[in-house]
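Asker: Here is how the chains run, residue by residue.
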Amino acid sequence: MVRFILKRLLQVIPVFIGTTLLVYYMVFALPGDPIAALFGDRQPPQAVIDTLRSQYHLDQPFWVQYGLFLQNLFTFNLGNDFTGQPIAGSLARVFPVTAMLAVEALAIQAIFGVAFGVFAGLRRGGWFDSTVLVVSLVVIAVPTFVLGFVFQLVFGVQLGWAKPTVGANADWGSLLLPAVVLGLVSFAYVLRLTRASVSENMNADYVRTATAKGLSRPRVVIAHILRNSLIPVVTYLGANLGGLMGGAIVTEGIFNVPGVGNKLYQAVLRSEGPTIVSIVSVLVLVFVVANLLVDLLYAWLDPRIRYDQ
Amino acid sequence: MREKEMTTPEIHIDEAGSAGVKPLLEIRDLAITFTTGSGEVHAVRNAHLTIMPGETVAIVGESGSGKSTTALAAIGLLPNNGRVSAGQILLDGEDIAHATEQRMIELRGNTIGMVPQDPMSNLNPVWKIGYQVKETLRANGRPSGPDDVAQVLSEAGLPDAHRRAKQYPHEFSGGMRQRALIAIGLSCQPRLLIADEPTSALDVTVQRQILDHLDTMTTDLGTAVLLITHDLGLAAERADKVVVMYRGQVVEAGPSLALLQNPQHPYTKRLVESAPSLASRRIQVAKEQGLEASDLLAPAAEAAAADNFLQIQDLRKVYKLRQGLGKTTDFAAVDGVSFDVKRGTTTAIVGESGSGKSTVAKMVLQLEKPTDGKILFDGVDTSLLKSSELFKFRRRVQPIFQDPYGSLDPMYNIFRTIEEPLRVHKIGDAASREKKVRELLDQVALPQSTMQRYPNELSGGQRQRIAIARALALDPEVIICDEAVSALDVLVQAQVLNLLADLQANLGLTYLFITHDLAVVRQIADHVCVMEKGKLVETGSTDDVFESPQQEYTKALLNAIPGAKLMLPPEVA
Chain U
0 MVRFILKRLL QVIPVFIGTT LLVYYMVFAL PGDPIAALFG DRQPPQAVID TLRSQYHLDQ
60 PFWVQYGLFL QNLFTFNLGN DFTGQPIAGS LARVFPVTAM LAVEALAIQA IFGVAFGVFA
120 GLRRGGWFDS TVLVVSLVVI AVPTFVLGFV FQLVFGVQLG WAKPTVGANA DWGSLLLPAV
180 VLGLVSFAYV LRLTRASVSE NMNADYVRTA TAKGLSRPRV VIAHILRNSL IPVVTYLGAN
240 LGGLMGGAIV TEGIFNVPGV GNKLYQAVLR SEGPTIVSIV SVLVLVFVVA NLLVDLLYAW
300 LDPRIRYDQ
Chain H
0 MREKEMTTPE IHIDEAGSAG VKPLLEIRDL AITFTTGSGE VHAVRNAHLT IMPGETVAIV
60 GESGSGKSTT ALAAIGLLPN NGRVSAGQIL LDGEDIAHAT EQRMIELRGN TIGMVPQDPM
120 SNLNPVWKIG YQVKETLRAN GRPSGPDDVA QVLSEAGLPD AHRRAKQYPH EFSGGMRQRA
180 LIAIGLSCQP RLLIADEPTS ALDVTVQRQI LDHLDTMTTD LGTAVLLITH DLGLAAERAD
240 KVVVMYRGQV VEAGPSLALL QNPQHPYTKR LVESAPSLAS RRIQVAKEQG LEASDLLAPA
300 AEAAAADNFL QIQDLRKVYK LRQGLGKTTD FAAVDGVSFD VKRGTTTAIV GESGSGKSTV
360 AKMVLQLEKP TDGKILFDGV DTSLLKSSEL FKFRRRVQPI FQDPYGSLDP MYNIFRTIEE
420 PLRVHKIGDA ASREKKVREL LDQVALPQST MQRYPNELSG GQRQRIAIAR ALALDPEVII
480 CDEAVSALDV LVQAQVLNLL ADLQANLGLT YLFITHDLAV VRQIADHVCV MEKGKLVETG
540 STDDVFESPQ QEYTKALLNA IPGAKLMLPP EVA
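As they're listed, the protein sequences go chains U and H.
Under numbering that gives the first Met the number 0, the first sequence has 183 at position 184, and the numbering climbs by one with no breaks.
Under numbering that gives the first Met the number 0, the second sequence has 412 at position 413, and the numbering climbs by one with no breaks.
Where hints are given, some of them may not hold.
As the list claims (entries may be wrong) - Covered, in the sense of this in silico footprint (three residues per stretch, anywhere, with C-beta under 8 Å from a C-beta of chain H), are these stretches of chain U:
no. : stretch
1   : 88-95
2   : 155-164
What the hints assert, rightly or not - Restraint ranges, calculated between C-beta atoms of paired labels, are given here:
no. : chain 1 : residue 1 : chain 2 : residue 2 : range
3   : U       : 66        : H       : 162       : 53 to 59 Å
4   : U       : 137       : H       : 424       : 50 to 56 Å
5   : H       : 162       : U       : 6         : 25 to 31 Å
6   : U       : 215       : H       : 453       : 37 to 43 Å
7   : H       : 424       : U       : 6         : 39 to 45 Å
8   : U       : 62        : H       : 352       : 44 to 50 Å
9   : H       : 158       : U       : 6         : 53 to 59 Å
10  : U       : 304       : H       : 162       : 20 to 26 Å
11  : H       : 389       : U       : 304       : 33 to 39 Å
12  : H       : 98        : U       : 304       : 48 to 54 Å
To be verified - On the chain H side, residues computed to face chain U include the following (Cβ under 10 Å):
no. : residue
13  : 76
14  : 100
15  : 115
16  : 125
17  : 167
18  : 208
19  : 210
20  : 211
Keep in mind that the hints were calculated from the coordinates and are not lab data.
Note that the structure is predicted; figures quoted are calculated from it, not measured.
Built from N, CA and C at the ideal position, the CB exists for glycine as well.
Assemble the whole structure, with the sequences as input and the hints as a guide.
Answerer: Set out below in structure tokens:
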């Protein structure tokens with residue numbers, strides 16, 4: 000097991016270099032001059048431009064820029080962004096916010112998705128199942144930005160149950176509404192996955208055997224149907240965590256959440272190579288760790304899977 | 000307390016003779032109906048069955064005969080679309096055909112136990128064996144500490160039960176899993192045990208051990224057993240009474256021996272005739288009368304007697320087993336095996352699972368590389384074949400595998416399945432290939448309209464015929480059958496074996512037959528190679544090996560054929 004974990008962590012190195020190199024190169028290859036963009040319509044003196052260019056190493060060839068970035072990264076000095084703010088500091092501000100949002104969304108998906116999916120799967124074809132299927136189809140079909148604006152309008156503005164926007168001081172309560180919106184689409188997938196998995200496992204031979212042993216219905220469901228059904232669901236949820244950390248650009252935009260998505264979006268607009276790559280680097284780490292956790296959880300849920308053989 | 004009540008005599012062949020003892024289970028006029036997409040299906044009609052306390056009753060029939068459905072109804076485990084539509088199931092006089100779920104939960108485990116069919120799928124893979132025993136004890140209000148669990152497991156014949164209880168099902172062999180399932184079924188000392196094909200997935204020797212143990216346990220506990228099986232020999236050997244079911248109805252019932260010796264219903268007669276455990280007698284008779292395929296076979300076999308078509312010389316296959324931390328140990332799956340196969344004959348390789356017989360087949364098929372030794376095919380060393388020559392070799396040597404459900408691509412229709420090898424080997428044009436497919440379907444006695452169907456629309460026997468047609472498509476000279484009839488019902492098995500024998504007679508095919516079933520060997524093989532733990536322990540003509548086995552292992556295998564001993568008296572008489 001230890002060997003497996005070490006091996007997986009070692010795999011981070013090539014993945015890390017590959018993704019950062021790719022992202023860095025794409026930012027480098029973007030058309031337009033980021034320094035000129037900083038000044039808008041004004042034409043700054045050439046000396047200022049030259050100073051800024053050399054300060055951000057924009058006058059260096061690609062490999063040198065990338066090398067300097069790596070060097071800075073390993074000395075834990077991410078440098079400053081184009082507004083002069085240290086990148087490390089802004090990452091430290093945005094990541095906790097997004098992490099809170101992602102955890103909240105993940106919890107909503109996991110708890111409600113699994114619970115609804117189990118009930119639907121156990122009574123396949125019943126009224127609950129039919130209702131839930133239609134609703135989940137609607138949720139999947141409607142784009143996130145529509146759901147986001149509707150929820151913001153209804154729950155935030157008209158009913159006043161939650162703050163319509165989050166603003167600078169994000170906390171668990173104010174993030175609840177965006178978390179619901181963010182979690183809804185995957186909630187529908189988790190629900191459908193759980194439902195399919197449960198109704199398949201219900202007909203498994205070992206479930207019949209468990210019933211034949213004289214176990215009560217709740218025990219059969221919890222010990223023999225639910226645990227076996229969770230295996231594919233856990234895989235999906237784990238893979239989804241990475242997506243939630245990086246992909247909440249639309250939701251964070253609608254609810255003005257000062258998180259990773261917002262920051263990344265602004266950095267892309269400004270062609271800020273170092274900021275983009277720094278964020279991506281952290282996201283790569285999050286993805287790798289999330290997938291490792293999924294694999295470990297998977298082995299715990301299904302003892303047939305052993306990684307150190 | 001319950002055991003004391005159960006001191007009734009062990010055998011009740013005659014119900015009238017046991018006056019005063021009430022039946023434990025009585026099924027009267029039982030009808031079971033399934034609601035399916037295409038209307039109602041009457042799976043069981045007018046079924047009658049009586050089991051006295053402590054008695055063993057077997058229901059025999061082919062798949063789809065309603066035998067399992069009847070048994071499942073008795074423990075209230077019919078699938079959701081099935082229901083008891085008429086009749087009674089009386090347990091100790093109480094009608095449980097329509098009992099509440101709560102009542103059934105009380106009865107299950109405590110009063111009615113079950114040992115299911117397939118040990119591979121009936122234990123939950125994610126829980127330790129010990130836990131699966133423990134929850135049974137707990138649910139039925141019995142002490143369920145680690146010692147109680149270990150005791151239940153060791154009574155079912157699992158050695159080292161304390162350690163074993165901490166293992167998962169995938170760490171157990173098939174036989175061990177079945178012991179665990181027997182342990183679970185009997186853990187709460189039920190008065191009735193439903194054993195649904197409890198050993199059909201196991202090797203004969205393991206089968207014998209398990210059934211012997213089950214006998215001992217149920218006799219000691221005074222448990223009545225309802226044994227469901229498709230194997231008439233096994234039923235006759237193990238049960239006091241046999242009930243024969245056919246298409247949802249009980250067609251015959253009575254004391255085991257009487258029913259076997261003097262079957263009345265035409266279906267029972269067919270079953271008795273085609274039961275492979277009776278094969279030795281059948282083939283003797285056939286030989287005397289100069290009948291059957293074995294007679295047609297003889298000329299071909301003699302003509303080619305000198306021709307060693309396939310020569311296996313000192314074959315070895317070593318696998319490296321990982322021991323963790325980069326250490327490996329060598330495991331010789333096949334160890335120094337040599338034998339010859341003559342053209343136009345059938346050679347059977349027999350052994351239990353793990354004996355290396357399938358590995359030999361894979362190496363002959365060039366699907367695995369031997370570690371050592373040679374395979375000469377028609378005088379040519381197969382290890383020296385270049386890839387283009389190997390391609391031609393594959394055309395001459397074709398396999399038929401065990402599981403006709405797994406070996407046909409469900410997305411290919413039958414035409415495409417049979418035509419594919421022709422297309423791969425670029426034989427003929429579209430029209431001639433279609434003609435060939437039609438001929439092949441005729442050869443395996445399937446209507447040509449089968450071409451348009453898909454595997455899931457066919458029965459197991461039909462699918463195996465398709466697999467045979469596919470193997471024949473390239474006009475091969477050698478066919479390697481890896482457990483090709485093991486998954487089939489006896490009647491279907493007999494049909495497929497006859498088909499193979501006819502094809503051999505007509506086409507001069509050479510068969511290498513891999514099987515664990517000695518009864519099948521008796522029916523089809525000219526020569527037998529017995530393998531044990533990777534080594535060839537005995538080889539010879541089928542008659543010699545069956546009549547005077549030299550090795551203890553071979554004797555054990557022969558003794559383990561269900562009904563083998565049972566059949567001797569009538570033959571002598």
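Asker: Take the hints in turn and mark each one as holding or not.
Answerer: Here is what the structure says about each hint:
1. With 0 residues having a Cβ less than 8 Å from any Cβ of chain H, the stretch 88-95 of chain U misses the three-residue criterion, and the hint is violated.
2. With a cut-off of 8 Å between beta carbons, the stretch 155-164 of chain U has 0 residues touching chain H; three or more are needed, and the interface restraint is violated.
3. Restraint check, residue 66 of chain U to residue 162 of chain H: a C-beta distance of roughly 57 Å satisfies the suggested window 53 to 59 Å.
4. In this structure, residue 137 of chain U and residue 424 of chain H meet the distance hint of 50 to 56 Å, their C-beta atoms being roughly 53 Å apart.
5. Range check, residue 162 of chain H to residue 6 of chain U: Cβ separation about 30 Å, and the 25 to 31 Å hint holds.
6. A C-beta distance of roughly 41 Å is found between residue 215 of chain U and residue 453 of chain H, which places it inside the suggested range of 37 to 43 Å.
7. The hinted range of 39 to 45 Å is satisfied by residue 424 of chain H and residue 6 of chain U, whose Cβ atoms lie roughly 43 Å apart.
8. The hint said 44 to 50 Å for the Cβ distance between residue 62 of chain U and residue 352 of chain H, and at roughly 60 Å that hint is violated.
9. A hinted range of 53 to 59 Å for the beta carbons of residue 158 of chain H and residue 6 of chain U is inconsistent with their spacing of about 36 Å.
10. Residue 304 of chain U and residue 162 of chain H have their C-beta atoms about 22 Å apart, which keeps the hinted 20 to 26 Å range intact.
11. Between residue 389 of chain H and residue 304 of chain U, the C-beta spacing of about 36 Å keeps the proposed range 33 to 39 Å intact.
12. Remark: the range hint 48 to 54 Å for residue 98 of chain H to residue 304 of chain U is contradicted by a beta-carbon distance near 40 Å.
13. Hint status for residue 76 of chain H: holds, given a least beta-carbon distance of 6 Å to chain U, under 10 Å.
14. With its C-beta approaching chain U no nearer than about 7 Å, residue 100 of chain H sits inside the 10 Å limit, and its interface hint holds.
15. Of the supplied interface hints, the one on residue 115 of chain H holds, with its beta-carbon coming within about 5 Å of a beta-carbon of chain U, less than 10 Å.
16. The restraint placing residue 125 of chain H at the interface with chain U holds, with a minimum CB-CB distance near 6 Å, inside the 10 Å limit.
17. A distance limit of 10 Å between C-beta atoms decides the matter here; for residue 167 of chain H the minimum to chain U is near 5 Å, and the interface restraint holds.
18. The interface hint given for residue 208 of chain H is broken, as the beta carbon of that residue sits about 22 Å from the closest beta carbon of chain U, more than 10 Å.
19. Taken as an interface hint, residue 210 of chain H does not check out: its beta carbon lies about 19 Å from the nearest beta carbon of chain U, beyond 10 Å.
20. Taking 10 Å as the C-beta cut-off, the interface hint given for residue 211 of chain H is violated, the closest approach to chain U being about 23 Å.
The structure fails to meet hints 1, 2, 8, 9, 12, 18, 19 and 20 from the earlier list, while all remaining hints are met.
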